[in-house]
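Number of protein chains: 2
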Amino acid sequence: MRIVVLAGGIGGARFLRGLQRASPDADITVIGNTGDDIHLFGLKVCPDLDTVMYTLGGGINEEQGWGRTDETFHLKEELAAYGVGPEWFGLGDRDFATHIVRTQMLSAGYPLSAVTEALCDRWKPGVRLIPMSDDRVETHVAVTLPDSGERKVIHFQEYWVRLRASVPAEAVVPVGAEQAKPAPGVLEAIAEADVILFPPSNPVVSIGTILAVPGIREAIADAGVPVVGLSPIVGDAPVRGMADKVLAAVGVESTAAAVAEHYGSGLLDGWLVDTVDGSTVERVEAAGIRCRAVPLLMSDLDAAARMAHEALTLAEEVRGA
Amino acid sequence: MRIVVLAGGIGGARFLRGLQRASPDADITVIGNTGDDIHLFGLKVCPDLDTVMYTLGGGINEEQGWGRTDETFHLKEELAAYGVGPEWFGLGDRDFATHIVRTQMLSAGYPLSAVTEALCDRWKPGVRLIPMSDDRVETHVAVTLPDSGERKVIHFQEYWVRLRASVPAEAVVPVGAEQAKPAPGVLEAIAEADVILFPPSNPVVSIGTILAVPGIREAIADAGVPVVGLSPIVGDAPVRGMADKVLAAVGVESTAAAVAEHYGSGLLDGWLVDTVDGSTVERVEAAGIRCRAVPLLMSDLDAAARMAHEALTLAEEVRGA
Numbered sequence: 001m002r003i004v005v006l007a008g009g010i011g012g013a014r015f016l017r018g019l020q021r022a023s024p025d026a027d028i029t030v031i032g033n034t035g036d037d038i039h040l041f042g043l044k045v046c047p048d049l050d051t052v053m054y055t056l057g058g059g060i061n062e063e064q065g066w067g068r069t070d071e072t073f074h075l076k077e078e079l080a081a082y083g084v085g086p087e088w089f090g091l092g093d094r095d096f097a098t099h100i101v102r103t104q105m106l107s108a109g110y111p112l113s114a115v116t117e118a119l120c121d122r123w124k125p126g127v128r129l130i131p132m133s134d135d136r137v138e139t140h141v142a143v144t145l146p147d148s149g150e151r152k153v154i155h156f157q158e159y160w161v162r163l164r165a166s167v168p169a170e171a172v173v174p175v176g177a178e179q180a181k182p183a184p185g186v187l188e189a190i191a192e193a194d195v196i197l198f199p200p201s202n203p204v205v206s207i208g209t210i211l212a213v214p215g216i217r218e219a220i221a222d223a224g225v226p227v228v229g230l231s232p233i234v235g236d237a238p239v240r241g242m243a244d245k246v247l248a249a250v251g252v253e254s255t256a257a258a259v260a261e262h263y264g265s266g267l268l269d270g271w272l273v274d275t276v277d278g279s280t281v282e283r284v285e286a287a288g289i290r291c292r293a294v295p296l297l298m299s300d301l302d303a304a305a306r307m308a309h310e311a312l313t314l315a316e317e318v319r320g321a
Numbered sequence: 001m002r003i004v005v006l007a008g009g010i011g012g013a014r015f016l017r018g019l020q021r022a023s024p025d026a027d028i029t030v031i032g033n034t035g036d037d038i039h040l041f042g043l044k045v046c047p048d049l050d051t052v053m054y055t056l057g058g059g060i061n062e063e064q065g066w067g068r069t070d071e072t073f074h075l076k077e078e079l080a081a082y083g084v085g086p087e088w089f090g091l092g093d094r095d096f097a098t099h100i101v102r103t104q105m106l107s108a109g110y111p112l113s114a115v116t117e118a119l120c121d122r123w124k125p126g127v128r129l130i131p132m133s134d135d136r137v138e139t140h141v142a143v144t145l146p147d148s149g150e151r152k153v154i155h156f157q158e159y160w161v162r163l164r165a166s167v168p169a170e171a172v173v174p175v176g177a178e179q180a181k182p183a184p185g186v187l188e189a190i191a192e193a194d195v196i197l198f199p200p201s202n203p204v205v206s207i208g209t210i211l212a213v214p215g216i217r218e219a220i221a222d223a224g225v226p227v228v229g230l231s232p233i234v235g236d237a238p239v240r241g242m243a244d245k246v247l248a249a250v251g252v253e254s255t256a257a258a259v260a261e262h263y264g265s266g267l268l269d270g271w272l273v274d275t276v277d278g279s280t281v282e283r284v285e286a287a288g289i290r291c292r293a294v295p296l297l298m299s300d301l302d303a304a305a306r307m308a309h310e311a312l313t314l315a316e317e318v319r320g321a
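Residue numbers (the numbering used here), protein chains in the order written: chain H, 1 to 321; chain W, 1 to 321.
What the hints contain is simulated information worked out from the structure, not anything from laboratory work.
The structure displayed is predicted, hence computed values, not measured ones.
Think of the CB as a built atom: it goes at the ideal place given N, C-alpha and C, for glycine as much as any other residue.
Keep in mind that a hint or two might mislead.
[Unchecked claim] DEER-style ranges, computed between Cβ atoms:
#1 W:118 to H:170: 35 to 45 Å
#2 W:126 to H:39: 48 to 58 Å
#3 W:299 to H:81: 28 to 38 Å
#4 W:118 to H:89: 19 to 29 Å
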């Protein structure tokens with residue numbers, strides 16, 4: 001079975017690990033969000049791609065969900081001693097190697113997709129990981145700074161990591177997305193997929209950004225195979241992260257049903273909500289999307305595998321309907 | 001007193017520390033060799049400049065004489081895990097920060113001299129450290145590989161660090177030196193100096209490279225102030241490093257007297273040889289260079305300070321003559 005998964009960072013990566021457990025023989029292609037990419041210290045950093053790669057490759061810091069295991073931060077300490085920031089972005093000594101190799105390959109002329117493939121040669125994540133695009137896309141967020149009242153457009157990472165989404169996101173713009181082309185292999189994988197899954201990743205800044213690359217949304221809608229998503233909102237709050245902060249910016253309420261409606265029945269065939277949101281199933285189905293209520297807390301690998309299994313089961317229901 | 005010192009790496013740096021002890025009120029300008037600079041992992045690495053900066057700034061690994069104290073090598077381990085080399089060049093996690101800051105500033109358009117000044121803002125070495133040139137100069141070495149018999153031109157660092165100078169250097173070429181211009185401040189410092197010193201640095205690949213930048217040798221010869229050097233060869237062998245290997249390439253025998261004659265009386269006014277080379281004093285003086293035999297082993301800071309004191313004393317003798 002060929003499965004295509006659109007993935008952001010931690011939520012997508014943990015879901016993928018469950019999917020591998022639930023469907024060990026599946027041929028999985030991951031289309032990774034690159035809207036959170038950032039240039040730091042002259043290096044190209046791709047947090048979501050790396051989180052997927054490290055998580056599936058056994059190199060992730062399990063506790064924090066991002067960055068490397070057995071990590072030190074000496075380089076960052078030294079940069080700070082030189083007065084070179086930002087200090088709010090946590091790059092460890094081991095993690096730096098990934099960004100150095102990536103930047104060197106990009107400088108040598110390789111596209112990001114080829115670089116990602118080369119990095120995965122080491123990590124062997126067991127999936128084919130493709131960035132959504134080889135073109136530069138950077139998600140920016142419009143905010144009003146509480147101290148000065150100044151309206152400012154900042155990089156998503158500055159909003160997410162530095163400000164911890166502590167001020168409302170007034171707008172979320174994937175800068176460059178309109179001009180971006182899907183990376184080689186993205187449209188082909190979608191066209192050849194048997195199932196397409198949206199893990200419980202952020203619907204705005206992760207999956208939404210991938211869908212903002214012209215051609216990807218259309219390819220998914222036209223693929224003629226079940227498209228099933230899992231709600232990142234459980235009981236009106238994000239399972240992790242701060243998805244509610246950016247949902248407000250696109251006028252979507254922070255509920256499982258509203259996120260399904262946001263994707264829409266033109267794109268989504270099936271939707272899993274958590275059991276605590278069982279009462280919302282009817283509303284989602286009224287929107288033309290088949291819906292089931294199942295446990296959606298990825299407390300461990302088994303739970304993630306059960307969620308993946310439920311998603312694949314719903315996909316088969318959709319296919320049989 | 002204004003002192004100008006031409007410096008390579010370890011020998012130059014340790015001598016400078018002695019000079020600061022011997023002449024605490026002197027205004028010292030160091031013209032640093034950049035011929036051993038190398039691009040590694042997309043980063044600009046300046047080993048000699050950094051050795052001077054770290055040594056005088058208190059950040060050096062005292063035992064090995066280069067690199068940072070309290071160092072880890074996690075980034076390098078990870079690069080190796082990606083299959084990215086070279087593995088033979090020892091860049092530590094803390095050291096990497098210097099190269100990242102430097103590379104970022106160079107990419108932003110700052111010349112190396114301005115970058116070096118910015119890095120020294122942190123380290124406060126107590127001297128003004130200027131690279132010999134803002135232009136790229138890279139010392140290359142022609143060798144015949146023993147296995148294949150292949151004649152090959154390799155970067156100095158590959159010859160020195162990887163091959164440990166284990167094959168004869170057939171030629172030593174400071175590529176780019178002929179087109180290089182002295183960095184801002186170099187000629188001015190020489191013109192305003194009261195004394196110019198050549199520490200016991202490598203006469204070919206350190207001081208020789210600095211002198212290969214058009215204008216520097218002439219400025220020193222024309223400065224009209226005492227120019228005094230210290231022999232890096234003691235008892236027909238280099239005090240440290242492998243100076244003899246590269247001296248052969250320029251047709252100079254590995255003796256204290258031969259090195260003095262190599263510099264020549266047109267450049268050098270005074271020369272210190274070690275007490276074990278006392279018998280050579282006459283030969284050096286016959287070449288028109290005032291010569292004294294004093295202990296030249298920099299076993300500790302006191303010994304380095306005594307050597308610096310002897311050099312300054314000889315400079316005053318030259319001036320009074």
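key: Cβ separation of residue 118 of chain W and residue 170 of chain H, checked against the hinted range 35 to 45 Å   = holds, 37 Å
Margin query: Taking 28 to 38 Å as the stated bounds, is the beta-carbon spacing between residue 299 of chain W and residue 81 of chain H within them?
Written below: holds, 31 Å
Take the C-beta atom of residue 118 of chain W and the C-beta atom of residue 89 of chain H, compute their distance, and say whether it sits inside 19 to 29 Å. holds, 21 Å
That 48 to 58 Å hint for residue 126 of chain W and residue 39 of chain H (C-beta), does it hold up? Given about 35 Å between the Cβ atoms, the range is violated.
In summary, the structure is inconsistent with hint 2 from the numbered list given earlier, while agreeing with all the others.
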